[in-house]
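S.K.: Each chain is listed here by its residues.
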Amino acid sequence: MVVAAYRTPVIAVLRKQWSLEMEDAEDLAHDFFAHALEREWLVRYDREKGRFRTFLRRCLQDFASTQYESSRRLKRGGHLTAVSLDHAGNMSTAAEVDRLFDQEWARSVLTLSLDRLREECGASGRQTTFDVFVAHDVDGADEPPRYADLAARFSVPVTQVANYLHWARNRFRGHALETLRALTTSDAEFREEARTLLGRDA
Amino acid sequence: MMSLSDAALTRLRDVVDRPDAGDRYAVHELLGRGGMGAVYRATDQLLQRDVALKVLPPEHPEDIARRLEREARVLAALEHPGIVAIHDAGRLADGRPFYVMRLVRGRRLDEQVRDETPGERLRRFLAVCDAVSFAHSKGVIHRDLKPANVMVGEFGEVLVLDWGVAKRAAEVAGDTSHVLSAETGDTGDGVAVGTPGFMAPEQLIAAAAVDVRADVFALGALLRELMTGGKVAAPLRAIIAKATAPTASDRYPSVDALAADVRAWLDGASVSAYAEPVWEKALRFYRRNSALILLLLAYVVVRLFILWWRGV
Amino acid sequence: MNKPVLGLVAGGVLGIFDGLTALVSAPEVAPQIAGIVAGSCAKGLVAGMLIGWFAKKVNNLTAGVVFGLAMGALFALPFALMPDPTTGQKYFWEILIPGSLVGLIVGFLTQRYGAMVLARR
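One line per chain: the protein sequences are A, B and C, in this order. The opening position of the first sequence corresponds to residue 1 in my numbering, with each subsequent residue numbered one higher. The opening position of the second sequence corresponds to residue 1001 in my numbering, with each subsequent residue numbered one higher. The opening position of the third sequence corresponds to residue 2001 in my numbering, with each subsequent residue numbered one higher.
Next comes chain A alone, as it looks inside the complex (with noise of 0.2 Å):
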């Protein structure tokens, strides 16, 4: 689940703080994951310092840190990292940076729950249900499609469609409050989390 949920920001951040291509920006966040199991950093978390995800920043920072470094003293020695990490060019603020993480972050606890959301509509047969609101609320953002459109491309009643979005919201809505729950371990955090989930830090 924490995988799941903080590849897509670690890899935004790396692209973005260090310049990196998608390809090297994915191996180097798969390194830390691996890293962050093997030595067991994620254990050493005390939830009395701060947020979970704040915590996993820091040492993301830390290891790609110690990744330049190391890249800047073999480039000296002559030979060649795997990933070599450039910061010459990157004008980002620390800021940016931050925000950048909590963003894809956020997206990537949507996602998880529009996953689960879907299995969940897979399994009860409600699968036009789940249809509905990707088109109306996800594919739609823009600019949402009417209700007739809608009743008309899944042939179903217009009345239809309003209780379809109405049953995968609420639905969807408690996806995204568990998924939350579970990458946070206290009461305190949730709701923290909760905020920058839904955007209200901005």
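Treat the hints as calculated values from the structure; they're not laboratory data. All the pointers check out, no bait thrown in.
When the alpha-carbon atoms are kept at most 25 Å apart in a straight line, the in silico DMTMM-like pairs for lysine to aspartate or glutamate are as follows:
| hint | chain 1 | residue 1 | chain 2 | residue 2 |
| --- | --- | --- | --- | --- |
| 1 | B | Lys1138 | B | Asp1256 |
| 2 | C | Lys2056 | B | Asp1267 |
| 3 | B | Lys1242 | B | Glu1120 |
| 4 | B | Lys1231 | B | Glu1280 |
| 5 | A | Lys16 | B | Asp1006 |
| 6 | A | Lys16 | A | Asp98 |
For chain A, the structure is supplied; the task is to place chains B and C on it using the hints.
M.R.: Same frame as chain A, now just chains B and C:
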């Protein structure tokens, strides 16, 4: 795994956050957010009118839920033209407590008074005192009076809002939920109670008894805020000083006593908080009774004239 | 204090005062001062009560002052026309003008300071 666009991310955040108030209320835009939840503009589909819907965030802890429900009960018990009326309360389908109240279209008190004379500002202030005094008569202390919690409606009515931290007087003594954390400004449950600058000192002390004089303090601070931007007369400064005295026993014993002094000042009468020098007393007497004094003087002049004329 | 009572009290007090000032403006009437004061007081009481009653019916400062002036003049007139029994002198303006002024003052007092009693429905 599906990939979400930025627009989809924004939309799904809204789906999680926005309350689903069922068939009765159609929820529209967010009006404001505070420690005790968010307020949305909504439409009561049954009565076809706009209302304000206050609801807790989806991640609310249960004790905050109980607090919101208590706020609704407090509002329901306070039927007064100066206190925003509550229409409905309950729990949403997702378990979040909510209540529905009158949608106030107007301005914050401190914004409204910028264009008003001192006399008008004082009359607005007296309207606030009326509402708070009524609440006290029902045993309810507001505990968070400040300019942001007072609105002037579109018909000029003054409304006291946000009774979220109000308590019945019997519950307040020994209640520690109003204690601020020095670091975060929050209570232990993350909800700020009261506002620095408008909170009486006793509201910052654990287990201290907080009574109606805490609201007197806040009203004094509110009065000071309303009267800034110009020269404030000595009697008014004395009223403000007495209302905001650090020790509760040095303040007005009630909101009615504070309002009585403000009214006295508006009427040109003597103010209990101000030790008036004799010459000021005489000047005030003259100003209040100048017409009568001049008439009596005219009588004396006429008498003297007759005396002189007869001598001639 | 309601308006008729205020008119009564003010009229009586000012009437006494008005009567006493005769000692200053016309010292020769000193032997009759008791009668002058009594008469002035009585005049003030009756005029004052009428002015106060008017103020109860009509809540208008100008009207009250004008009515007071008129009542003051009306009640002062007989005394102003009456010659002094001892000296035979008339003190027409010396009585009429101050008397009218007193009526005006009582009219002002009852309009401005008297408590209005709301009609019971």
